[in-house]
Amino acid sequence: MKNTMGVELSSSERTLVECYQSLVRLLKESQELAPFERRNALKAVAALWQVVNGLDLDPGNLYDIGA
Amino acid sequence: MKESPYWNPRHETMPRDQIEALQLRKLKNLVGWAEAKVPWQAKRLKAAGVSPDSIKSLKDLRRIPMMTRDEWMQAQLERPPYGPLLAAPEEAAIRYHLTSGTTGRIPLQVLDSMKDWEWIAEMWCYGFWGFGVRPADVVFFAFSYGTFVGFWGAHYASEKIGCLVLPGGNMTTEARVKQIMTMKATVVCSTPTYALRMAQEAKTMGVDLAAGPVKRLILSGEPAGSIPATKRLIQDEWGAKAADTAGMTEVGTIMIFECANQPGGTHIIEDHYIEEVVDPETGEPVGYGELGERLITSFGRGFIPVLRYRTRDLVVRVPANSCSCGRTFDLYEGGIQGRVDDMKLVRGTNVYPRAVESIVREFKEIDEFRIHLYTVQGRQDEIEVLVEIPSNDGAECDRICAALAKGLAEAHEGLRFGVQKVESGSLPRFELKAKRLQDDRIVIGTAGERRVTA
Numbered sequence: 005m006k007n008t009m010g011v012e013l014s015s016s017e018r019t020l021v022e023c024y025q026s027l028v029r030l031l032k033e034s035q036e037l038a039p040f041e042r043r044n045a046l047k048a049v050a051a052l053w054q055v056v057n058g059l060d061l062d063p064g065n066l067y068d069i070g071a
Numbered sequence: 012m013k014e015s016p017y018w019n020p021r022h023e024t025m026p027r028d029q030i031e032a033l034q035l036r037k038l039k040n041l042v043g044w045a046e047a048k049v050p051w052q053a054k055r056l057k058a059a060g061v062s063p064d065s066i067k068s069l070k071d072l073r074r075i076p077m078m079t080r081d082e083w084m085q086a087q088l089e090r091p092p093y094g095p096l097l098a099a100p101e102e103a104a105i106r107y108h109l110t111s112g113t114t115g116r117i118p119l120q121v122l123d124s125m126k127d128w129e130w131i132a133e134m135w136c137y138g139f140w141g142f143g144v145r146p147a148d149v150v151f152f153a154f155s156y157g158t159f160v161g162f163w164g165a166h167y168a169s170e171k172i173g174c175l176v177l178p179g180g181n182m183t184t185e186a187r188v189k190q191i192m193t194m195k196a197t198v199v200c201s202t203p204t205y206a207l208r209m210a211q212e213a214k215t216m217g218v219d220l221a222a223g224p225v226k227r228l229i230l231s232g233e234p235a236g237s238i239p240a241t242k243r244l245i246q247d248e249w250g251a252k253a254a255d256t257a258g259m260t261e262v263g264t265i266m267i268f269e270c271a272n273q274p275g276g277t278h279i280i281e282d283h284y285i286e287e288v289v290d291p292e293t294g295e296p297v298g299y300g301e302l303g304e305r306l307i308t309s310f311g312r313g314f315i316p317v318l319r320y321r322t323r324d325l326v327v328r329v330p331a332n333s334c335s336c337g338r339t340f341d342l343y344e345g346g347i348q349g350r351v352d353d354m355k356l357v358r359g360t361n362v363y364p365r366a367v368e369s370i371v372r373e374f375k376e377i378d379e380f381r382i383h384l385y386t387v388q389g390r391q392d393e394i395e396v397l398v399e400i401p402s403n404d405g406a407e408c409d410r411i412c413a414a415l416a417k418g419l420a421e422a423h424e425g426l427r428f429g430v431q432k433v434e435s436g437s438l439p440r441f442e443l444k445a446k447r448l449q450d451d452r453i454v455i456g457t458a459g460e461r462r463v464t465a
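So the sequence lines, in the order shown, correspond to chains A and B.
The first sequence maps to residues 5 to 71 in this note's numbering.
The second sequence maps to residues 12 to 465 in this note's numbering.
These are calculated hints, taken from the structure and not from any lab test.
Backbone N, C-alpha and C define an ideal beta-carbon position, used for all residues, glycine too.
Treat the hints with care, since some could be wrong.
Which bits of chain B does chain A cover? Going by a derived footprint, with three or more residues having C-beta under 8 Å, they are [unchecked claim]:
| # | segment |
| --- | --- |
| 1 | 97 to 105 |
| 2 | 114 to 127 |
| 3 | 227 to 241 |
Pulled out of the complex, with its shape left as it was, chain B reads as follows (with noise of 0.2 Å):
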């Protein structure tokens, strides 16, 4: 039997007035669940008016009120530490992880039963099948295992593959790239930033990493894989096809995924999800090639419903046909294009700064700050604080600088945090709308962010 290039043939080619019928199927069982089992879920709802019975067509999804992350945040504080989301009891939870929070050092946290994490891990399967992997791979993880989701499904999916898993936790960029090179890795997973991170340590240690053994780059955690000179530089310097993916711990897995024939967008996994693209002012649909903010309906992650999540990204859908592959499932051009709000990524890693804000101001010592995105290197983003601290006192002023640094990458899952104490008065004041952000970030980032030096 000749293998499938689909992970789910049936959905994937399935004509587009069937998978609207699916999703119409799921979005009622959905709406059912999460009015019987979420109260929080079903006050909205009844509110809106909306019951499963009521929906009659995907147009009356746009009756369901959208679902914002400060209300998940302010949900989760009245009731620490879910929030009246859970559909089943925390007891039936195998999984925890969480993302850094719009604000202050609350982070954005969920669970996941057995069922749920093996749905996270299948979501994946649809992204490296359809790029190519199989089980005849050997994939290295560069990617710290810890509570932040990241990769995790990632791992689980290329098990259930039944590929070679190299768990490249903890360790330096040095022995992740021997590891890749010895245990002749054919598929490599990272953000786009430490995927040249690597390349560049790999050139100092002599290593030809485009003659080397690995075919494929499956990347993640910033919206640089699909960024064209990005993306070139990455393939260029591995030897390898690099795929981008996009996910969010608010649904535990990715949605979308570039697919083998790499048609510069990633495919929605419309057969676990109902994406909408509105604009952002105003909520109201926009159509095929136009750019506005995707809305997400999750039909896979039963123990925390999500209905109609702003996600604050911005894209452009195109239609399944822009893509030769032969899916039916719609695409993202470009993948994520950028942001609705403030919200920046760091390696992988969402800062907002008001969250970063909220933590400085919690050491009262400090006057004025500023937070600056820089590369290093033209390859590495860092972020620093820079602070300005009255006190000549120089052991106190290094405490508050420690403490802040500390405070801040207990806040960002461990994301690394220079603090700098500048000069008093140095910094700029503001009267009105304070911009205390400075990004001075080349080549990676949205497309909008970037600022390409000659």
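Only chain A is shown next, with the shape it has when bound in the complex (with noise of 0.2 Å):
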């Protein structure tokens, strides 16, 4: 997996950009989350946006989901 600017990305980062768009995925699609399902897995993507926009994944915005 390559940024946009061409990098490759180690193993551990590509870990991370997958967890992220794992959780964005659910987000968008589950609409059986508890609260607390669905809160901490906000939480959670909004501290690993940093993570891959700081990898030049060009994330863009997650206010559609509620982040």
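Grab the two chains, each in its own frame, and use the hints to assemble them into the complex.
The following block contains the structure:
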């Protein structure tokens, strides 16, 4: 996986990005999350967004999912 | 693995051409976002013929119209409370903050979402980590924790880094000094003025701060953190290194920070902002080493896109190699060096004389007034408004003074204003351009404001 600057991400970095992507997907698609699940997942996404942004993957904004 | 001295090593040491490529990509994204989500911004961009596709290089940034604080305030007045500047629904926000306005009682108000709020802390992490703050540190905040954004982001940055945080809101200065000592705080965050105030209090208490646990002070809210004489005094009294930072409510966090090498300037966080320095009269860019006004374009807070915002701060930009820390982020030599406009910073709060005047003028009983800034015991900045009230009714005058003091404080994030009645006819009258502000402060303030007594 390369970032927008053409840099190959390390294995650890890729794992963080995948974790972020999975959480975003889950928050968009799942209507069944309990409040403690959704709100904590949102907190995690807000923090992981900083990683993905810092890795130059242009994560955009997350207001539509509440983050 | 050796610990990095940089919060984001890849970005902080990026070659200049790559920083600019990164900024260009983020600029296109930001313009696209503003165009799609903020009709107010879209109209301005369209009028200037700017679209994301039309931005081919960073030079195209100059085609985007500058945005002023007055425009922001006007937009808020026309569509209260936030103006037509939001790119997301208010329900998506988790934070509200404000700063005193340029005119009257209406403050500049902002919102942040969960992700934006996290980003605000992230920017402080660049500064904290860069100055050497680490998880083992104990960080004390001499901060009021109100609606003024101040050190809020720094608080969460400290938590993110893993420090033990001591939130020192709602405490007397004596209690703060005691807690710093008993809890063995290694880092203290405050305004430069208040760092000196705490040092003074410590002396009164018989506490030797210089022999205490504090190793670092992180200063913000006033330019004095980069004024060498003030900084030296703070460092001597605390026996600790002091770093300057500067931020603004309009972007929610800091834009610049001083690294552990203390180069006499502050690094610009260039992977999250584009900072331009222009001639304040012509708007034309000025070169390295020349004094000019900083304009900011921020990539972080998507809730309120900020493009080419006129800060009115005066700065001198110098290249990254002016510092030996290895960062490729340029610096502002001497931090924020002054103001283009007449705004004054008093204990971290912005005070615009015209905003004070508009509140004073609500009291028809007041004939004339003067805003007086002074320093108490050589350390603490104070602000008072001297008023002429022709009435001889003492109780009525007291009521007016109290109401004015309350109104001024409410419009300035709770900043304490003294209001004093003076003899009728004792204040100067003006026929043309009135000068109702007298600044007698010593040491604290921008370089141009310093009046060092012998």
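Hints versus structure:
Residues of the segment 97 to 105 of chain B lying with their CB closer than 8 Å to a CB of chain A number 4, which satisfies the three-residue condition for coverage. Requiring three or more residues with a Cβ within less than 8 Å of a Cβ of chain A, the coverage given for the segment 114 to 127 of chain B holds, as 3 such residues are present. For the segment 227 to 241 of chain B, the stated coverage by chain A is not satisfied: 0 residues place a CB nearer than 8 Å to a CB of that chain, which falls below the threshold of 3.
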